[in-house]
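Novice: If you want the building blocks of each chain, they are given just below.
Number of protein chains: 2
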Amino acid sequence: MTRRIRFITEYDGTNYVGWQDQPNGTAVQELLEKAVFETTGEKTTVQGSGRTDSGVHARAQVAHFDTEARMAADKFAYALNTRLPQDIRVLWSEEAPEGFHSRFSAKYKQYRYAVQTGPHARVFTRNNALHCYSKLDFDKMQRAAEAVTGEHDFRAFMCKDTKMENTVRTVYLSEWRREGEMLYYNVAGNGFLYNMVRILVGTMLDIGAGRKGEEAIAEALTGCDRNFAGATAPAKGLTLWRVRYADFDTEEILSKL
Amino acid sequence: MTRRIRFITEYDGTNYVGWQDQPNGTAVQELLEKAVFETTGEKTTVQGSGRTDSGVHARAQVAHFDTEARMAADKFAYALNTRLPQDIRVLWSEEAPEGFHSRFSAKYKQYRYAVQTGPHARVFTRNNALHCYSKLDFDKMQRAAEAVTGEHDFRAFMCKDTKMENTVRTVYLSEWRREGEMLYYNVAGNGFLYNMVRILVGTMLDIGAGRKGEEAIAEALTGCDRNFAGATAPAKGLTLWRVRYADFDTEEILSKL
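Quick mapping for you: the protein sequence lines, in order, are chains S and X. The opening residue of the first sequence carries number 1 in the numbering used here; numbering runs sequentially from there. The opening residue of the second sequence carries number 1 in the numbering used here; numbering runs sequentially from there.
Don't take every hint at face value.
The list treats identical chains as one, so a pair stands whether inside a single copy or across any two.
[Stated by the list, open to error] Simulated pairs of lysine to aspartate or glutamate, EDC-like, Cα-Cα distance not exceeding 16 Å: (1) Lys256 x Glu181; (2) Lys43 x Asp66; (3) Lys256 x Glu179; (4) Lys34 x Asp21; (5) Lys140 x Glu214; (6) Lys107 x Glu251; (7) Lys140 x Glu165; (8) Lys163 x Glu215.
Simulated from the structure, these hints should not be mistaken for lab results.
Construct the complete structure from the given sequences, taking the supplied hints into account.
Specialist: This is the structure:
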């Protein structure tokens, strides 16, 4: 009997070409598929809630695979971890209900982008935050972030080479938090275009540093023109933070681990 | 004119054989001395507040060196960082007052040991915390930690091969903190014997897991016998957290960066 197993995976993206297979390096998906094969003997596709780019991290990526194996569903987390490198972990696994699909069933995704301010790039955030020398005006960045909330055509915040019919997305949460010399941008929505979060962050950093006016985000949203937006912020500051479905929420599960 | 420059350095000990030169790998001190040489052209000794073992980290190690170079003292931090790898940073530098010595003038040193509990070793703490599968009784560990406070002969908590005349030390702070699935042991004193913090942690983990009774710490302190204490906890969980002198405190400086 084929069952669908869904799981939460955490990874440090530093050493990977991203979630999905690329010709030039190792993908997280590839190592998960290898771990499933070594566990069950089955060649299978591990389907994620979405791709993450090269260098992007995940605190809570959701994925699923189908299997004939009879192992108790919650034991897959342990079995896969014995076959994964230390920078990829499966934190939880269970049998998915009928019709569940990690990508198509996702209702809400949250990302966090970390910026480290201050004169020197710090050691313990070197792989997970962008170090920014410029003085940043936090209030301006916060007001710019507020303009992102709601339903918009985010075409201006998409990598130019991407082909995508529908570029309208709804953003539920868009705010900066300050903790000492760290700044965190938290953004949640029903979906994100390719590079969207990194271009939003790049634009807000331009606003914070005074290279662009506060209205730049609103203008780019209205004008639908990539040229209005700022540069794409580096991948290493970005982390897939949370994914929600009708019947479960990674945040709730992680809080009970 | 020779000046003494003192500085705060932060490092990830994962890739180093410790603070001090060893035959079999790269030491943090060695890379700092090389960076000073590349900056000033002078061969000099970089003297730290104390050695850290292979794999041990520092959030705030203090060190000094002597130089004839005329560079403004606060600029050394920037100059050294351009010559250091990303996992070693100099966060601050200034001219030391007459008679200052990073080791002999230190009044107070604080270490933190991080333990990650829960079923799976997590990705983002893999190099800086010990993952502990066992269920740990937090209250027992806290009570054991209290017994460490005060002036004691810590001979039982010293690596057996160490030769040391005076093994009496005063511990000012010894407590566990819980944050989600992380447990942090904070310990501060006027000095520490070789491996002392790691043996204290090893003993308290034995107590928390029920492998030793709560009285094990007090008995080892009274008996002065290494065999009463537990195993040496792995280096990677340990971080040199704070050093204080009569005229400055790393914590105060870091809070203003």
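Novice: Out of the numbered hints, which ones does the structure contradict?
Specialist: 7, 8
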